[in-house]
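Chemist: What follows is each chain in one-letter form.
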Amino acid sequence: MAILPKIPEYKAEWAEGEEGRWGIAIDMDLCTGCQACVAACSMENNVPFVGEHDAGYGRQMAWIRVERLWEGEYPEVRATPFQPVMCQQCGAAPCEAVCPVFATVHSQAEQINLQVYNRCVGTRYCANNCPYVARVFNWADYSNYPEPLANQFNPDVTVRRRGVMEKCTFCIQRIHKATDQAKAEGREVRDGEVQPACAQACPAEAIVFGRLDDPESRVSKLSKDKRSVKLLEDLGTQPRVTYLKGGYHGNLG
Amino acid sequence: MTEKLSRRDFLKVVGAGAATAAVLTGCGPASRYVTREPYTKMPEYNYNGQSTYFATTCRECAAGCGLVVRTMQGRAIKTEGNPYNPVNLGKTCARGQATLQGLYNPDRVKNPLRNSRGESNPAGERDWTEMSWDAAIGVVAEALKAPAGVQFLLGLAPDHLFDLVSDLCKSLGAPAPIRYGALSMFEARVTLGEAARAVFGRPDTLFFDLANADLVISFGANFLETWISPVAFTRGYARMRKQRARGILIQLEPRLSQTAAKADLWYPIKPGSEGLVAAALGKLYAEEKLGVAPVAFEGVDVTAAAEAAGLEVEALEKLTALLLDADRPLVLPGGAALAHENGLETAKAILALNVLLGNPGKPGGVYHTPVSPLGEEYRRPASLKEMADLVERMNAGQIKTLLVHGVNPVFELPKALGFEAALAKVPTVISFATFPDETAMAAHYIFPDHHGLESWGYQRVTDGTGQSMLSGAQPVVAPFYNTKSTVDVLLAAANLPFKDEVEYLQNQVAALVEQSGGFYSAPDLPSFWALFQQFGGWWKNDPGLGVPGVAGVLEKKLNLKTGEKSASYDEFDLLVYPSPILAEAGANKPWLQETPDPMTTVMWNSWIEINPKTAKKLGLHNDDVVRVVSPYGAVEVSVYEYPAIRPDAVAIPFGQGHTAYGRYAQQRGVNPADLFGPRFNAAGDLAFADVKVRIEKTGKKRELSRLESKLGVYGEGMEEH
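Here the protein sequences come in this chain order: A and B. For the first sequence, counting from 1, position 58 maps to 58 in my numbering; every step adds exactly one. One gets my numbering by counting positions in the second sequence from 1 and adding 1000 to each.
Treat the hints with care, as some may be off.
[Said to hold, decoys possible] Quick list of in silico lysine-lysine cross-link-like pairs, DSSO-like style, CA-CA up to 30 Å:
#, chain 1, residue 1, chain 2, residue 2
1, A, K221, B, K1242
2, A, K230, B, K1242
3, A, K245, B, K1318
4, A, K177, A, K221
5, A, K245, B, K1242
6, B, K1484, B, K1145
7, B, K1242, A, K224
8, A, K226, B, K1145
[Unchecked claim] Pair ranges (Cβ atoms, derived):
#, chain 1, residue 1, chain 2, residue 2, range
9, A, A109, B, L1618, 54 to 62 Å
10, B, P1543, A, A97, 55 to 63 Å
11, B, D1389, A, W70, 56 to 64 Å
12, B, K1556, A, N151, 53 to 61 Å
13, A, D141, B, K1617, 41 to 49 Å
14, A, G236, B, N1541, 48 to 56 Å
15, B, R1694, A, A97, 52 to 60 Å
16, B, W1133, A, F102, 52 to 60 Å
17, B, L1324, A, K183, 52 to 60 Å
18, A, W70, B, A1396, 48 to 56 Å
19, A, H176, B, Y1481, 34 to 42 Å
I should point out that these hints are in silico values taken from the structure, not numbers from a laboratory. Just so you know, even glycine gets a beta-carbon here, dropped at the ideal spot from N, CA and C.
In isolation and in its complexed conformation, chain A is listed as follows:
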C-alpha cells in the first residue's frame, strides 16, 4: 500500500483588514511619467535588458512600468495620468496560492511577498494568476552581458537566470540594511530611512515608501487620503500600494 505524502493544510497568512507592514503611496497628480523609477529599479535590482526583439514580444523585464492610456479623440483627447505599477505586495496574494513549490511566499518579518529564486521551477502559474501583471519571467539568460557591463551588478541582489520568475521586492535588501542598522542602534526604523530605488530617484517625489503600521508615517497618512484608491481592490487582494488620483481641474474643461 502506497504511503500518501502528508499534505499540509493550506493556511492563509493574512487577516481581513490588516494594514501590512511596508507600503507605497503614489501620487498620480505628481507623477510625470519620466521613467526615472524604471531605470533606478533596474539598476538597483540587476534587472536585465532583453533586446529589441524580445522586448517587442512582451518579455521586457522591468519590475515597474508606467502606464498611460488614451482617452477620447482628437482634439478632445488626453492621456490618462501616468501610473507606475509594480508588485502590489498583496496581503492576500493570488500568486502565492498557486505556486506548487512554495517559491512565492509571504514573509512573516516584512509581510511582503517573496520570490525565492532557487525554489522557482518556472511553472509561471503565479504570473498567470497575478491580476496586476506585475511578474516577469526570464525566458533566456538575459544577464549574460558582454564584458565589462556586468561590473555594474549590485552584489546585494541575486542575478537571476533562465526559467525563473521575478518581480518587485520593495527593495528588500534596503529594508534589511536599515532594520539591521536600527536594531544595532537599539531603535525602530525611522520614517523615510528606507527608500526603495524608485522612491529615491523620483524627481517629483510622487512615490512615498514607509511603514503602514505606523499611523504617523507619511505613507500611512497618504494611504488614508481622500484621493486614495487601490488597484482592483474589489478582488480582495489587499494591495499595499495606494494610488492618489490625479487632481484635475474639472472646471477648466
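Given the structure of chain A, go ahead and fit chain B onto it with the hints provided.
Modeler: The following block gives chain B in isolation, referenced to the frame of chain A:
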C-alpha cells in the same frame, strides 16, 4: 609650443585664484586617485560588504545634477542623487541612473588611437592603430604650435575643461573655443538669451520660478523631459501642484508631449503661431485689466492670431480669464516655439507677456540666473549660425586642427550644414571621445578622455537653481582603460604650469575659499578641497537671483509675422523633439534603449507620430514604414498612430539614428535632424520647426517594439496586427 609658456604668463591669463596656487604644493589632503586593488589589499575605508559613496556630478546632460555613486571594492554599483546639491536635491532622471552603462559600456575607446591610413585618405575607411600617450601629447603639442589654425569644439557643459581651453586659447592667440550640443539647438538657447538681452537688457537663459507660480502657460516648453534642467523643473512642477491652491499648468503645442500630458489644458496650436498667441493674450489681458493695450501688444489682431493658431477666439478669452484670476502667473518659452524664422520675436513676445503679468523678479516669476561663484559673464553655447560659420571656415581651409571634446557634431548637427564633408578638409581632427561616436570615427586621432565617473572636474551650474553654485566632480572608480584626462593632455602638451588636473582645479576653486555665505567654509584650501569633494561642489546658501529690468519693455513694438501656410495638402509640419529618455547621447546605454518612451512606450527604435485620422486618409497603419521627405533629406521610419497630434503635423523623436557609437546605438532608427535645412532665425538659431515634410508610402512594414498592449509573460497582443 616652441618656448615654454612661463607660469607667470599663464597665471596672468588664468586670473583670480592664482595667487594662492603656490600654497598648494604638497598639500593634498587625501589621495588624489581612487585605486582599484585586489581585495586582499584594501584601503582602510573599504570593508568587505560595505559600500563607499562618492559625490560627483552627472555628465549625461549639462544640467549639472549632483550624484552620489555607491561603490563596492572599486566598482561603481549604483548612482543616486546627491541630496545636498541644490539642482536635484537627491533626485535623478532615467539618464542619470543609466550612467553606469556608459562607464561599463563594452564599446568604449580603450587606448589612444591613430588612423594609420593617414591624411592621404581623409574621408575613407579608418584603420586604427594604438599609440602611446606620450606620442598623443606630442601630436597635440605639435598642433598647438600653430595656434591660429587651432579650433576647440566642446560640449554644452561650462566645465573646468572649457575654462582651461578658454584661457589656453587666449594665451596662445587661438580662436576661442566653441560650445555646442544638440539640446541647445532644440531649446533654442541662444534665441532665449538674445530675447533676454533685448527685453531685460541682459543676455541670460533666465530662471523660471515654476515652484511658486499658480498658473503656468507653457508654449511647448518640455520642462519635464529635457528642457534646460528637467530634474529641477520636475521638482518645481511637483511643488507648484502641491501648493494649497493647486497650481494650474496649460500647455500650448501642436503635439501632446509628455509635459503636455501633465497639463490641465492642452491646446494643439499651429507651430509658428506661439508669438502671436502670446501677444494676443497680452492684448486681451491688458484691455481687461488696464483698459488699454500697451504698445507692445496693441498691433495684434486677436481674431487673426486665433486663426493662425487654429484656435477659437473663445479659447484665448478663456486663457485671459485664467490669467486675470491668477495671483502668480508665469509664461514659459519652449524651444520649438523659438525655432522658427520669427523665433526671436516670439521669445520677446513671451517675455514681454511676463512683464505685463508683472512677474519678473517676484516669486513664481522670471529672474536672472545667479552669477557663478567664479564670477563669470554670460557664456552661451554657439548658435547654429555660428556652427555654420565654423563649417565654412573648415571648408575654406582656415582650420588646421580641430579638437573635439564632449560633443558629437557629426550626429548632433543637421546634415544640411555639411559638417561631415567639411571635416575632410581639416588636416588634423583630434577627438577626445570616450565612446567611438561618429565624429571620433571620422577623426584622425582619438585620445579618449576618462568617463565622467572616472574624472575630476567642476561645472558651472547656471540653471535649475537660484543658488550661485559650482558642482564638483571626482573619480568614483579608477579608470578602466588606458584613457587620459583631456585636461592632463592639454597641460602636458601646452607645457602649462600645473602638475596635473587636480592642481589646476585647486587653483581654480581657491577663489571660493574666501567667499562668504557658502554651504560650508574652510580655513584653507586643502580643507576646502576635501569638503568640495565630500559634498560634490560648493554653493551659496542664499538665492542669488537677479531682478530683470523691465523699464520700457512694453513700449517697444513687436514685429510678429505668421509662419507661411502649408503649400499643399500633402505637406506636414515636422515636429522634432529630443527623446525624453535618450536625449542626444543616451542611445549607447542598453537600459535607456529598453526604457519605454513615456508617451508611445516604444523601445529600441525610432518612429513617426501621425494622427490616426491622417493615417487613415493616407492608408497607413501602425508599423508601416513611410518615407519622410523634406527639401533637405529623407528618412524611412515606422508609423505610430498618435491620437494627440495635429492632423497636419507629424513628429519624430531625436536620439536614434547613429551610424557609430557602439553596438547598442548604431544602425538603429533614424536621425530626424537629417531633414532640417540651413535656415536660421534672427538670433542665429536653426529654424528647424519651420520644416515641412511629405509622407510617402513604401509598402514595407517594420514592427515597433512597444510595451503597451504587450504586457505580461505570454506576449499578449502580439497578434494584434
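Chemist: Are the hints correct? Go through all of them and say.
Modeler: Comparing the hints with the structure gives:
no.: 1; hint: A/K221 <-> B/K1242; result: 16 Å, holds
no.: 2; hint: A/K230 <-> B/K1242; result: 21 Å, holds
no.: 3; hint: A/K245 <-> B/K1318; result: 26 Å, holds
no.: 4; hint: A/K177 <-> A/K221; result: 25 Å, holds
no.: 5; hint: A/K245 <-> B/K1242; result: 14 Å, holds
no.: 6; hint: B/K1484 <-> B/K1145; result: 21 Å, holds
no.: 7; hint: B/K1242 <-> A/K224; result: 17 Å, holds
no.: 8; hint: A/K226 <-> B/K1145; result: 71 Å, violated
no.: 9; hint: A/A109 <-> B/L1618: 54 to 62 Å; result: 59 Å, holds
no.: 10; hint: B/P1543 <-> A/A97: 55 to 63 Å; result: 56 Å, holds
no.: 11; hint: B/D1389 <-> A/W70: 56 to 64 Å; result: 45 Å, violated
no.: 12; hint: B/K1556 <-> A/N151: 53 to 61 Å; result: 58 Å, holds
no.: 13; hint: A/D141 <-> B/K1617: 41 to 49 Å; result: 46 Å, holds
no.: 14; hint: A/G236 <-> B/N1541: 48 to 56 Å; result: 52 Å, holds
no.: 15; hint: B/R1694 <-> A/A97: 52 to 60 Å; result: 58 Å, holds
no.: 16; hint: B/W1133 <-> A/F102: 52 to 60 Å; result: 58 Å, holds
no.: 17; hint: B/L1324 <-> A/K183: 52 to 60 Å; result: 59 Å, holds
no.: 18; hint: A/W70 <-> B/A1396: 48 to 56 Å; result: 52 Å, holds
no.: 19; hint: A/H176 <-> B/Y1481: 34 to 42 Å; result: 35 Å, holds
Going through the hint list in order, the structure does not satisfy hints 8 and 11.
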